[in-house]
Amino acid sequence: MEYLVSHYNYWVYILLMMVGLYAMLAKNNLIKKVIGMSIFQTAIIVFYVSTGAKREASIPIIAHGHGHDAAHTVIEAAHYANPLPHVLMLTAIVVSVGTLGVALAICLGIYRRYKTLEEDEIQEQLHDSL
Amino acid sequence: MIWQIDLSVLSLIVLCGFATIMVKDLLSAAIIFGAYSFLMCLLWTEMGAVDVAFTEASVGAGVSTILFIAAAYQTTRIVKPRKSGRIFAKIVALAASVAMGLVLLAAQTNFPGFADPESPASLHLSPYYITQTLADTAVPNMVTSVLADYRGFDTMFETAVIFTAGLAVIAILRRVKHIDRCELPDPYTISAGSQDNIIRFVSRQLVPFMQLFALYVVAHGHHSPGGGFQGGVILGASFILLAITYDIQLVQQRMNEKWNILLGNIGVLIYASIGFICLLLGANFLDYSMLSKILPATDPVMARSHGMLGIEIGVAIAVMAIVVTIYLNLASNGKLDKGL
Chain A
7 MEYLVSHYNY
17 WVYILLMMVG
27 LYAMLAKNNL
37 IKKVIGMSIF
47 QTAIIVFYVS
57 TGAKREASIP
67 IIAHGHGHDA
77 AHTVIEAAHY
87 ANPLPHVLML
97 TAIVVSVGTL
107 GVALAICLGI
117 YRRYKTLEED
127 EIQEQLHDSL
Chain B
103 MIWQIDLSVL
113 SLIVLCGFAT
123 IMVKDLLSAA
133 IIFGAYSFLM
143 CLLWTEMGAV
153 DVAFTEASVG
163 AGVSTILFIA
173 AAYQTTRIVK
183 PRKSGRIFAK
193 IVALAASVAM
203 GLVLLAAQTN
213 FPGFADPESP
223 ASLHLSPYYI
233 TQTLADTAVP
243 NMVTSVLADY
253 RGFDTMFETA
263 VIFTAGLAVI
273 AILRRVKHID
283 RCELPDPYTI
293 SAGSQDNIIR
303 FVSRQLVPFM
313 QLFALYVVAH
323 GHHSPGGGFQ
333 GGVILGASFI
343 LLAITYDIQL
353 VQQRMNEKWN
363 ILLGNIGVLI
373 YASIGFICLL
383 LGANFLDYSM
393 LSKILPATDP
403 VMARSHGMLG
413 IEIGVAIAVM
423 AIVVTIYLNL
433 ASNGKLDKGL
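Protein chains in written order, with the numbering used here: chain A, 7 to 136; chain B, 103 to 442.
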C-alpha cells in the first residue's frame, strides 16, 4: 500500500505520455497531432515538477522575509519545496507556447497549399503531383 | 500533500487527455485541452509549485487555447474520419506507445517515492538556493531568484527562443505583398458573439484592470508568485481580448506590427544590456551585485534584487510583444487585416 501511494503518480504520467505518443502517431489530423505533442510535453513537465515536491513542505517563498533583516532567521531546506525544477519547467511552459505557435503556423501554411489538414489526403495530393 | 485530492485531480486529467484525443471537433478539442491545462494548474498548486501553476493558468489554459481556436478558425474545425485500410497504422501506434509505457514502468521502480524529502533531486543543489536566497539576494521568492539571478543565462536564452519563435511565425505566415496572398474560402464561422454590445463593453472595461494586474505581477514577482513571464503573457492577453471582441484593426492601431517586433527586440536587449553593464563594471556577465556602483544607495545584496527587477521587465516586454504577434498572425492567416 505504501509503495502504491508513493508511486501511482508516476503511472499516471506514463499513461499521459502514452496518450500523447499515440495521438502523435495514429491521428490523421495535423492539429490533433499537435495536441498530442502538447499532452506529451505536459506529461514530462509534470514529472519534473513532481521531483521537486516534498512531504510537509511549504511553497518556495520564504514567509516574512522582507529585505535582509530577515536574513538571519534559520531556513531549513526541508521546509520548502525544491525551487529548481519549478524554474526549469516554468520557462519550458512559456517556450512551449512559442513552439505551439510555430507548429500551428506550419499547419496553417500546409492548409493554404493543400486545402486540407488530413494526413492521408495530403499524401494523396503529393502522390498525384509526382 | 493529500493523496485523495491528488488522485481525483489526476484521474480527471487522464479523462480530459483521452477526451481531447477522441473528440471529432477541433473546437471542442481546444476547449477540453484548456480544461486539461486548468486541472494541471490545480495539480501543481497542490505540489507547492505556485509559480508553475500561475504560468500554466496564463499560458497553457489561456493563450494556448486561443491559439488552437485561431488555427481551427483559419482552417476547419471538422476532423474527417480516417479512410478504410488504416487500421494497421493504429495498431502500430498503439504497440509503440504500449512498448514505451512498459519501458518507463520498468524504469520507475528505481525512482524515489513521490514527495520524498530525501530524493536525490532535493539533496544536492537546491538546499543552497533555499537557504541562501535571502542572504545573497534579499528576494524571498526563491523561484524568482533562481530564475533571474542564479540561472540568469538560462532565462536569457529562453527569452531569445521565444523571440525566435515569433520571428518564425512571421516568416511562415506573413504575406505582405498582395500577390503573395492566395485566395482562401471564407474562414469557418464560429460565432457572431463579437457583435454583442455587452461582451464588447465588459471586455473593454476589463482591459485596463488586466494591464494593471500584469504590471503588479511583474513588479511583485520578488515577493509573491509571478514575474516577467506571467506578467508579459497577461499583458499580451489583454490585447488578444481586444482583438477577439472588436477586431484586429483596433489592436493594430494601438500596437502595430513594427512596434511589436521592436518591443520584442527591446525586451531581449534590456536583458542582455544589463548583463553587459555588469561586465563593464568589472564583474561577470549578469552578476548584478556590481550594479551597486551605479545605483544610488544600494549595497551589493539589494543591487541583485534590483537587477532582477530590470531583467524581469525586459522579459515581460519581449513575451508580451511575441504573444500578440503570434496570435495576430495566426488569427488573420498572416494578413493582419481581419480575423477571429
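The reader is advised that the hints may include incorrect statements.
Stated by the list, open to error - Pairs of lysine to aspartate or glutamate residues, derived as EDC-like cross-links and limited to a Cα-Cα distance of at most 16 Å, are as follows: (1) Lys39(A) with Glu359(B); (2) Lys437(B) with Asp134(A); (3) Lys192(B) with Asp134(A); (4) Lys440(B) with Asp349(B); (5) Lys182(B) with Asp134(A); (6) Lys39(A) with Asp126(A); (7) Lys182(B) with Glu127(A); (8) Lys440(B) with Glu359(B); (9) Lys440(B) with Glu125(A); (10) Lys121(A) with Asp134(A); (11) Lys39(A) with Glu125(A); (12) Lys182(B) with Asp127(B); (13) Lys437(B) with Glu359(B); (14) Lys360(B) with Asp439(B); (15) Lys437(B) with Asp298(B).
No wet-lab data here; the hints were simulated from the structure.
Values in this document were obtained by computation on a predicted structure and should not be read as measured data.
Hint check:
A distance of roughly 30 Å separates the Cα atoms of Lys39(A) and Glu359(B); the hinted pair therefore is violated under the 16 Å criterion. For a cut-off of 16 Å, the pair hint linking Lys437(B) to Asp134(A) is broken: about 30 Å separates their Cα positions. Using a Cα cut-off of 16 Å, the hinted pair Lys192(B) and Asp134(A) is violated, with the two alpha carbons roughly 25 Å apart. A threshold of 16 Å between alpha carbons decides the hint, and for Lys440(B) with Asp349(B) the separation of about 7 Å falls inside it, so the pair holds.
Between the alpha carbons of Lys182(B) and Asp134(A) the distance comes to roughly 21 Å, so the proposed pair goes past 16 Å and is violated. Restraint check for Lys39(A) and Asp126(A): the C-alpha separation of about 13 Å stays at or below 16 Å, so the hint holds. Simply put, Lys182(B) and Glu127(A) have alpha-carbon atoms about 10 Å apart, close enough for the 16 Å limit, and the pair holds. Pair hint Lys440(B) plus Glu359(B) holds up; C-alpha atoms about 14 Å apart against a cutoff of 16 Å.
Simply put, Lys440(B) and Glu125(A) have alpha-carbon atoms about 28 Å apart, too far for the 16 Å limit, and the pair is violated. Among the hinted pairs, Lys121(A) with Asp134(A) is consistent with the structure: their alpha-carbon atoms are about 15 Å apart, no more than 16 Å. Between the alpha carbons of Lys39(A) and Glu125(A) the distance comes to roughly 10 Å, so the proposed pair stays at or under 16 Å and holds. The straight-line distance between the Cα atoms of Lys182(B) and Asp127(B) is roughly 9 Å, inside the 16 Å bound, and the hint therefore holds.
At most 16 Å may separate the alpha-carbon atoms for a hinted pair to count; Lys437(B) and Glu359(B) meet this at roughly 11 Å. At most 16 Å may separate the alpha-carbon atoms for a hinted pair to count; Lys360(B) and Asp439(B) meet this at roughly 15 Å. Simply put, Lys437(B) and Asp298(B) have alpha-carbon atoms about 25 Å apart, too far for the 16 Å limit, and the pair is violated.
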